[in-house]
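Protein chains in written order, with the working numbering: chain A, 1 to 219; chain B, 1 to 325.
In short, the hints are calculated from the structure, not lab data. Treat the hints with caution; some may be incorrect.
The following label-pair restraints were derived from C-beta to C-beta distances [what the hints assert, rightly or not]:
#: 1; chain 1: B; residue 1: 187; chain 2: A; residue 2: 136; range: 35 to 45 Å
#: 2; chain 1: B; residue 1: 318; chain 2: A; residue 2: 10; range: 21 to 31 Å
#: 3; chain 1: A; residue 1: 10; chain 2: B; residue 2: 219; range: 25 to 35 Å
#: 4; chain 1: A; residue 1: 55; chain 2: B; residue 2: 204; range: 33 to 43 Å
#: 5; chain 1: A; residue 1: 217; chain 2: B; residue 2: 318; range: 36 to 46 Å
#: 6; chain 1: B; residue 1: 60; chain 2: A; residue 2: 132; range: 46 to 56 Å
#: 7; chain 1: B; residue 1: 49; chain 2: A; residue 2: 198; range: 55 to 65 Å
Far from chain B, some chain A residues (derived; all Cβ distances over 10 Å) [unchecked claim]:
#: 8; residue: 27
#: 9; residue: 37
#: 10; residue: 137
#: 11; residue: 195
#: 12; residue: 204
Even for Gly, the Cβ is constructed at its ideal location relative to N, Cα and C.
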Amino acid sequence: MVRFEHVGLRYGLGPEVLRDLTFRIASGSFQFLTGPSGAGKTSLLRLLFLSLRPTRGLITLFGHDIATLSKDAMATLRRRMGIVFQDFRLLDHLTTFENVALPLRVLGHNEESYREEVVELLTWVGLGDRIRALPPVLSGGEKQRAAIARAVIARPQLLLADEPTGNVDPTLAQRLLRLFVELNKSGTAVVIATHDIALMDQFDARRLVLHQGRLYVYD
Amino acid sequence: MSTTDAAPDQDRDYGVDAPTAPAVLPRFETPIVPRATISGRALVAVVAIMTFLASLTTGAAVLVRSAANEWQADVAREVSIQIRPEAGRDIEADIARAAAIARGTPGVAEVRPYSKDETTRLLEPWLGSGMQLDQLPVPRLIVVRIASGAAPDLTQLRQALAQAIPDASLDDHRGFVARMQAMSNALVVAGIGVLVLVFVATVLSATFATHAAIAANRPVIEVLHLIGAKDKFIAGHFERHFLRLGLQGGLIGGGTGMALFALAGLASSWPFDPSRDDQLAALFGSISIGPRGYVAVLSEIALIALVTAATSRWTVTRTIETMHE
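Bound conformation, chain A alone (with noise of 0.2 Å):
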């Protein structure tokens, strides 16, 4: 599904933050991406969701080579994949229901198709009593479940998430947790970016370490 071949990242004329990256991401696989602050963790997740490309090596994203992709192209890759944001990214003008709904929207479907799914989907991640409010009202672990909801609302081949427990109590993370795994049950592959060592070891996963630059792999 994923393949980096030797992919390095640099900023402008500054040092490379990635090095030489090397690896895979099966289909239905589940894996945790940590290191320690400053490791390069969201700039990988930047390449994975096309945000940035690589300064060299080569990057294949459902047996596309990035590097030729047109426009329309990486816009058409990005409706497979689901991103949750460290700052979850809600459009404060919409609704929760609505936010949830935009990316079903974006990809042009009648809204009579998706109005009960969307409605089950946040009532499943308990936020069936916040459907109409608006997203500055919501509390901090409200936010990441809507931010969530809208990530696999179009059912994603791939789910990348940023921190996604970086905002909870340990309590609502354990939970978040068990939302992924599900996830990734019902066949999405998940990559979830995380320093959180607790919330790692709740859960038997592939491990991705990104320490200076350079990816370490713990299957």
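Given the structure of chain A, go ahead and fit chain B onto it with the hints provided.
Relative to the frame of chain A, chain B by itself:
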């Protein structure tokens, strides 16, 4: 998503609150691009003010141009015959002869000799009242009005007058018309110059205000881009939104300008103050910008709305490109 089926019962406690589905399903009612933002309202205000100023300038240019054309046409429709008094000649007989020659010229609609009293009144502002014209060699005038659309042979008329009355001369106001034409052309060029400046300022203001409004919406663009929206989808939404804002501002500003001209036109044709009416009519004819003026203002509204929409599309596309830099 079939998450309910996929999740076993013991895993249905992801939420903090008891999950309850609403009785009525919600709808996606909010526009993707936020409507009532401060930057959006500021853009409408800027476009409205600048379109109002542009419509006033356009109206003024149209008024000056039509007034100048009317002045020229009025002057060009008249020629005058001047008869100087000469010792030993009967000036009244000369006037009657000159008037007869003029009347006999094809294309002349009306010939009106000014009587002695009328000539006295014409000179009153300069020489005072109670003056005896017999003591002064004051020339007498015959006003010849040319029929609409006709072009009488003035050279032949001049020759005929010269043969019959040696002291008569024909003035076709050519020099005056030429000076009037130069002055009105200068006024029209100045009007068009001011209009171009105001219009450029309007376009620039709309462009900068649109840039600012798009910058305020950058998070929306980023999120749409990252969840897989194609550039066309994002740019299209913003373009439609900003076209609406541009039209709204343009209609407010241009509409106010047109309403003012319509009111001024009505007021100038309202006969409640004849003296003021005469003064305005002398300067501008009627204060009406006419259908062409209204069409010009409507075109400005449409153009400014299109500029706003095009600027938004360009800025959104540029914003998406910077996300990859």
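Original post:
When the hints from earlier in the document are held up against this structure, which numbers fail?
Top reply: The structure breaks only hint 1.
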